[in-house]
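In the order they appear, the protein sequences are chains A and B.
Read in numbering that gives the first Met the number 0, the first sequence has 518 at position 519, and its numbers run on one by one without any break.
Read in numbering that gives the first Met the number 0, the second sequence has 61 at position 62, and its numbers run on one by one without any break.
Calculated from the structure, these hints are not laboratory results.
It cannot be assumed that every hint is accurate.
Note that identical chains are pooled: a pair holds if it fits in a single copy or bridges any two copies.
[Said to hold, decoys possible] Within a straight-line C-alpha distance of at most 30 Å, the following computed DSSO-like cross-link-like pairs (lysine-lysine) qualify:
id, residue 1, residue 2
1, Lys-330, Lys-341
2, Lys-341, Lys-325
3, Lys-325, Lys-412
4, Lys-325, Lys-361
5, Lys-434, Lys-301
2 protein chains.
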Amino acid sequence: MALTRRELVRQASALVAMGIGSSSLNALNIEDQIGESGTVAKLTSEFVARAESLKPKLNEISQPARDLVRPVPDPSAFLRWRMEHEGTIESLDSRRFKAGQSFIVDFGGHRTGYLSFSITPIGFNVDAPIRLRITFGEVPGDVAEPLHPYKGTLSEAWLPEEIITVDYLPQTVRMPRRYAFRYVKVEVIATSPSYAARFGDFQAHAVSSATASVPALSPEFSEKLRRIDEVSLATLRDCMQTVFEDGPRRDQRLWIGDLRLQALANYASFRNFELVRRCLYLLSAFPRPDGLLHADVFEKPKPTAAGDVIFDYAALFVAVLADYVKESGDKETGRELWTIGKHQLEICSRSLDEHGLLIAPKNVWIFIDWQPVLEHTASMHGVLLYSYRRALELAHELDDTRAVSAYETLISKMAAAARASFYDESQKVFVSGPKRQVSWASQAWLILAGVVDKEAGATALRQVMSDSTAVRPVTPYMYHHVVSALLACGQNQEAVELIENYWGAMVLDGADTFWEVFDPADSLLSPYRDVHINSFCHAWSCTPCYFLRTPGLLGR
Amino acid sequence: MALTRRELVRQASALVAMGIGSSSLNALNIEDQIGESGTVAKLTSEFVARAESLKPKLNEISQPARDLVRPVPDPSAFLRWRMEHEGTIESLDSRRFKAGQSFIVDFGGHRTGYLSFSITPIGFNVDAPIRLRITFGEVPGDVAEPLHPYKGTLSEAWLPEEIITVDYLPQTVRMPRRYAFRYVKVEVIATSPSYAARFGDFQAHAVSSATASVPALSPEFSEKLRRIDEVSLATLRDCMQTVFEDGPRRDQRLWIGDLRLQALANYASFRNFELVRRCLYLLSAFPRPDGLLHADVFEKPKPTAAGDVIFDYAALFVAVLADYVKESGDKETGRELWTIGKHQLEICSRSLDEHGLLIAPKNVWIFIDWQPVLEHTASMHGVLLYSYRRALELAHELDDTRAVSAYETLISKMAAAARASFYDESQKVFVSGPKRQVSWASQAWLILAGVVDKEAGATALRQVMSDSTAVRPVTPYMYHHVVSALLACGQNQEAVELIENYWGAMVLDGADTFWEVFDPADSLLSPYRDVHINSFCHAWSCTPCYFLRTPGLLGR
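When you get a sec, could you build the whole thing from the sequences and use the hints?
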């Protein structure tokens, strides 16, 4: 059943009434925005069908656990704990466990996948099931610290723990849910007075749609950079499932913002173009009634619209499309989704004032970074302008001359407005908001938007990066844009140093995959008020492998 | 690989050294007891193969939940709670549940089987799994009282609760483990801030190998007796799985003692002879090295010996066999297992003194009843003598003239010894032990063993049943033998009254199936120190349907 215009309007009004599409965007004239098509539902089902036809078969690799480990509190360690070797994995064979006893196995690296292990009862009578608490750790704190009482703002159901009861021993258990883990803690809640349990055969059945082998970096790269590259590739691999997930531990979901960075890293490594194409269709399948794309979609149990809208993510959709067409050469998909990409920019640009300055709607979610004190005005203007520039590239590619012409005019106007409003000549940096906040984010986005030349950009970046009062990013997502801006200004050495200092610090702190949040000053920082709900393998942190494959990066 | 005599001796010695076969029986000359066969393993695999070929396919019946209920503390109720109607099951449709909220569904009767239900998320974003605690209740206390801290002596893993996490809503969940339940409590541990859960479609998928329909009792039976019969049949039905289980909630296991009573009830009702035969082979497949049968065997993951030996259960094996041959007419199976049955008696009778009095080994487990103060000497002598009488019947049936002659002699001798040692002429009752304890159990077993005539038996039973200082049974298992003894003495009316008073009291107290333990004076009584681990559908309490089908029971 196709939705009519009238139904779309009704639904949109209902969303506003429910406080759900909580954005002043909803106040726009929705009828205008549906455009030529009165049958969004038809597009939805076509796009979903196309996406489903592109669903990859996952590759599964089984790997045995390597060691038994014991967490030891370590105030000198960023992650608060160090893992000590407690025994070889073979030494489990000689151990017997009863109620209250526990152990931790270490797989030696991060895996997204399934866990299997064997339980052999040893004793007089196997006269009861065994009950276990199993906790999956991406980092030592997950298995070393109690997860309860949980204080986070996200669902407690994401805490990576299970209580399982296994009948009829001996038994090989394969747990049905997928987890993200390096460590697995097994606590015995109960055997019976008549038997103890011997555990063994711990296997991680890792799954991924990243199947191609990626050539290692050449020896001209330092060992440190080569390790950063490995961790970066592992991060991408473990997030590449039947969609590009933001994080395999939690959310497990396709977001425009994460997809954009993953796709870039993927072009430089595994080159799974079909997965990007699938994700573009999935995101395009569920526009809001006004045509704006949701920031994310749910893939399972069947593709479904999510309720979130993020202003900067919507604008950037066209950049994902432009990257895809450029890297894959698949203009057909580009053409099919071009209207949708353009439409995002059109909706966003309704918030431009007469000078071409973005006056973002008050109640809309602008993300940019999880940095809580960040003032978004300059960054958001930069994101939109950057997106127009990428759209212009794509318009050329697809021979949309009308768009080329319109975009060229608008880009000049928006760039001039940005220079006038945000650039502080005396400080040689961009400022944002009434308090003229100086942040890394504002510099990065306005540089990427081409508001200043390379030299001025390099100066601005040098200024903020040496200014301890400037607002710094807290996520690898925002650090990505800073590195990208440095490269855009030809500051290759500084870009490499930032990768070494930021992503390299995670590696030194024990990262096997890069984290959702990393503030070197605070290992307990969480956007969700409880570090145990943070994701430690997060898509938006996977881009070093992309940067490190920039031609001529090392200038040699 | 067949076990040699030498290996059997070594294993038996190992058992003694481990304190496992903790019985002075182990001190007997084991080599003598293996008899002609040096290859127990060969018999084992043959018997297991035969048992497996008789494994029934279970019948599955799906039944929807009937009501929403709410437990209310009720000091006047034996079970401490009464269930109040909270709403129709349809009213669930309009309710939404978030973290911390819960509800209880009532299936209106006891089921052994699987649970399925649907979860529909209602809200803005289904951005996280749902985590639930599910508790299965046979009686209100299971879902009304906290199960923790658990104080029982049996494995905590039997507590009927699960924590489950369900990804990708909406979803229909079918829980993979089997439970025994009338009530199901669902507590929401977490949804997410973005959605609430609607629950529905609660179905019990009840399984049983009791498939025949059983004619109801005729109207000459009172309504009370007909209800007792229904509950009795439900108990048997829910314990009849791929073996006769002792209880579907806990243990879920084949025991000689339970099997004997279940088989009797089964002959009077569902008449599944193959299941009895399967169980006889399973029990016969795993003799101890000295040839004594274990009291129980484990069926899953594959048939395996259990470690328990119960002296009275071993003796009674031949009674199960005699009942089976008599009811089924299957003399072939009788002949095949006859040596094993006889062998149990031979081992037990090595503990007879020169007068034919049983001096039971000190460290052996004699069960008789869970009554903790019961003195077992007289009862155990009665059990062995009863078993000889049943063996004599079978010896006649199978034309084993040598056994007939030997047993007749021994039975006379043991009966005389019992009269001399246990019968108190002045009190007209049997007494047991140095303190001359008077118990219901001693009377019942020595009457069933034919030690006194009907008149003396009736007098003895009348005496103890009117003597408040006499030690009473605490289990339906022992009450069964009292009823049986009353019938043996022609006391039909008293037998029916005892059924009405004991099993009828459980019905009045809310039993849908009969309980493992029932002391009308103490609803918290547990042989395992925590009532929440008691079984409320227990095989050995299912025999009213057998007694109530005794020809001429009501004497009309």
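Within, between, both or neither, where Lys-325 and Lys-361 count as close if Cα-Cα is 30 Å or less: Neither. Shortest intra-copy (35 Å) and inter-copy (88 Å) distances fail the 30 Å Cα cut-off.
Status of Lys-301 relative to Lys-434 across identical chains (alpha carbons, at most 30 Å): Answer is neither: 46 Å inside a copy and 75 Å across each miss the 30 Å cutoff.
Homo-oligomer pair classification [Lys-341, Lys-330; C-alpha up to 30 Å]: Within one copy, since 15 Å is at most 30 Å while 87 Å is not.
Within, between, both or neither, where Lys-325 and Lys-412 count as close if Cα-Cα is 30 Å or less: Within one copy only: 26 Å inside a chain, 102 Å across chains, cut-off 30 Å.
Status of Lys-325 relative to Lys-341 across identical chains (alpha carbons, at most 30 Å): This pair counts as within: shortest intra-copy Cα distance 17 Å, inter-copy 87 Å.
The structure fails to meet hints 4, 5 from the earlier list, while all remaining hints are met.
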